[in-house]
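The chain contents come next:
2 protein chains.
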Amino acid sequence: MPTRDLPIGVFDSGVGGLTVLASLVLRLPGEHLLYLGDTARVPYGSRSPETVLRYAERVAGHLLGRGIKALVVACNTATTWALPALQATGRARGIPVVGVIEPGVHRALATTKSGHVAVIGTEGTIRGGRYTALLQEQRPDLRVDALACPLFVALAEEGWSEGPVAALVAEQYLGPLRGGADTVILGCTHYPLLRSAIQAALPGVQLVDSATATAEATAALLAREGLLRRADQGGQARFLVTDNVERFERVGARFLADPPRGAEVVDIDDADHVTWHAGPARAGTHRSGQ
Amino acid sequence: MPTRDLPIGVFDSGVGGLTVLASLVLRLPGEHLLYLGDTARVPYGSRSPETVLRYAERVAGHLLGRGIKALVVACNTATTWALPALQATGRARGIPVVGVIEPGVHRALATTKSGHVAVIGTEGTIRGGRYTALLQEQRPDLRVDALACPLFVALAEEGWSEGPVAALVAEQYLGPLRGGADTVILGCTHYPLLRSAIQAALPGVQLVDSATATAEATAALLAREGLLRRADQGGQARFLVTDNVERFERVGARFLADPPRGAEVVDIDDADHVTWHAGPARAGTHRSGQ
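Listed in order, the protein sequences are those of chains A and B.
Quick note on this note's numbering: the first sequence kicks off at 1 and runs consecutively.
Quick note on this note's numbering: the second sequence kicks off at 1001 and runs consecutively.
Quick caveat, the hints were computed from the structure, so don't treat them as lab data.
Check the hints yourself; a few may be wrong.
Just so you have them, the derived chain A footprint on chain B, three or more residues with Cβ under 8 Å [as the list claims (entries may be wrong)]:
#: 1; stretch: 1083–1093
#: 2; stretch: 1140–1154
#: 3; stretch: 1163–1175
Just the calculated beta-carbon pair ranges, DEER-fashion [claimed, not checked]:
#: 4; chain 1: A; residue 1: R238; chain 2: B; residue 2: R1091; range: 57 to 67 Å
#: 5; chain 1: B; residue 1: R1195; chain 2: A; residue 2: M1; range: 57 to 67 Å
#: 6; chain 1: A; residue 1: R261; chain 2: B; residue 2: A1167; range: 31 to 41 Å
#: 7; chain 1: A; residue 1: G226; chain 2: B; residue 2: G1262; range: 53 to 63 Å
#: 8; chain 1: B; residue 1: G1262; chain 2: A; residue 2: M1; range: 42 to 52 Å
#: 9; chain 1: B; residue 1: R1143; chain 2: A; residue 2: P29; range: 51 to 61 Å
#: 10; chain 1: A; residue 1: P164; chain 2: B; residue 2: A1133; range: 29 to 39 Å
#: 11; chain 1: A; residue 1: G262; chain 2: B; residue 2: Q1199; range: 52 to 62 Å
#: 12; chain 1: A; residue 1: R261; chain 2: B; residue 2: L1177; range: 29 to 39 Å
No experiment lies behind these values; they were computed from the predicted model shown.
Here a beta-carbon is modelled for each residue, glycine too, at the ideal position from N, C-alpha and C.
Start from the sequences and build out the full structure, keeping to the hints where you can.
Have a look at this one:
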């Protein structure tokens, strides 16, 4: 069973989930955080559901092997395809698992006045349709538009979040949404970096960023389970990646005020994901001299 | 040992290598072609050298297990980090291995009049420095500029190869090259799709596309080894992917006049790459009901 002083595991396919990590640091300053970016297999957004599930189970298995008290799936695509499976296993082990979609959905429902919401995200997230399904499950009369904006991720990672290219790309994607929804969910953890370009293309629209909503949901869950550390105890963030530390630290610096440093490369290519299903917890092997 | 009627294996991390496949079809209409897009692990361009080598050896091992008479590494990043290893093993098995970089280098050297060449490509290809090293090995007084243009891949895959966004991105990247090199190598197999936007940003510059040069080099090599089929025998192209057939066929249609169809999903996650090193040739397991 998890104990209070274990870190919260946070995972994403790459650097995008760092926007969620930043919100967790702000909301839960007493918590240790263990972030894993699956940079050997990024991006998840264009992969098939089975592949995303397989990768997500491996990553979750690795974090579990290291010891965590809760798991935050800080990736919309992984939440779309893998959350139910991860939550089922988490329940059996007493580890709460939080995704990024449901908190964003609740915030959007509380925000919209017109009853017309839009969600933008990667191909995988939009094709998965989880946002639309959850929104309309809560409020069947809601009108929902869903739109994939794949180039936004490349722009954010290139450091072109502002300027003429971001403005033009935002206009091409979002122009057709103008005059429609009064609330737009940023359904990809990269998109908060493009917030000003997105807002400029959609003046007057309320943008919902799941990161802060997810941090709030995580805090509530830990409180309910009696697993919260006190804020004044302080917390540390540590970083794991499956490939290319140099790029993770360089691109990650665009996502955090305090850039990620000292990231460690781990190899989760093997059968680690099996441990998430059933076997005893086992730490993944660290890559050595490959 | 390979026989004449076996297919030529062609591999890339995803759809980009289809520009090379198209050139092979034109130059060698009598050949069977077996294309493998490693779409479960695309893109290679932002991965570390060790990871690219590992992935490339797996893919090569899988193609070898199916039976090929030659291997074309239709990916600049894989050529950068894995070609020497793949060629060494290929030699031991009598399988010629061709990369995309050397043919492009030779064509650029034959094209430049001013002795000033530029190469554009992914982060991995540019960081790897193979183009610059080979160009200056052949001609030490050559001036070479090298520039990573990561957004071009996302633009080509999104189908935004032409229009205002492509023009603006090309201008941002390539504006600084104007008035410099007289010859620019398209050092990424995606870039031929953006040819008109690139040419508009660099008027008067000669663009070198490695795809046709690679097809020419492959033809010469097969002729030397006595492995060519006659053009009038006709040839077939077959497609393998490691993930997401739907996306491969949809995005691949932007790369080929005759869109790729009937692609088969193969699972090369396991120890297939071992066969490329040493063991007996073995076909990879096909994914079933995962």
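R1195 (chain B) versus M1 (chain A) beta-carbon gap, inside 57 to 67 Å or not: Cβ of R1195 (chain B) to Cβ of M1 (chain A): about 60 Å, so the range 57 to 67 Å holds.
field: Assessment of proposed distance window 51 to 61 Å (beta carbons of R1143 (chain B), P29 (chain A))
entry: 53 Å, holds
query: Taking a Cβ-to-Cβ distance below 8 Å as contact, does the stretch 1163–1175 of chain B have at least three residues touching chain A?
result: holds (count 5)
task: With respect to the beta-carbon atoms only, verify the hint that G226 (chain A) and G1262 (chain B) lie 53 to 63 Å apart.
output: The hinted range 53 to 63 Å holds for G226 (chain A) and G1262 (chain B), with Cβ atoms some 56 Å apart.
query: Are three or more residues of the stretch 1140–1154 of chain B within 8 Å, CB to CB, of chain A?
result: holds (count 4)
Supplied distance hint 29 to 39 Å, evaluated on CB atoms of P164 (chain A) and A1133 (chain B): Distance hint for P164 (chain A), A1133 (chain B) holds at roughly 35 Å.
query: Is 52 to 62 Å right for how far apart the beta carbons of G262 (chain A) and Q1199 (chain B) are?
result: Given a distance of about 45 Å, which is not inside 52 to 62 Å, the answer is violated.
message: Assuming the hint says 57 to 67 Å, is it satisfied by the Cβ distance from R238 (chain A) to R1091 (chain B) or not?
response: 45 Å, violated
- request: Closer than 8 Å, Cβ to Cβ, for at least three residues: run that test on the stretch 1083–1093 of chain B against chain A and report holds or violated.
  value: Per the Cβ count (0), the hint is violated.
message: Between the beta carbons of R261 (chain A) and A1167 (chain B), is the distance compatible with 31 to 41 Å?
response: Given a distance of about 38 Å, which is inside 31 to 41 Å, the answer is holds.
query: Does the Cβ-Cβ separation between R261 (chain A) and L1177 (chain B) fall within 29 to 39 Å?
result: 34 Å, holds
query: Given a hinted range of 42 to 52 Å, is it respected by the beta-carbon distance of G1262 (chain B) and M1 (chain A)?
result: For G1262 (chain B) and M1 (chain A) the Cβ distance comes to about 51 Å; the hint holds.
The earlier numbered hints that this structure contradicts are 1, 4 and 11.
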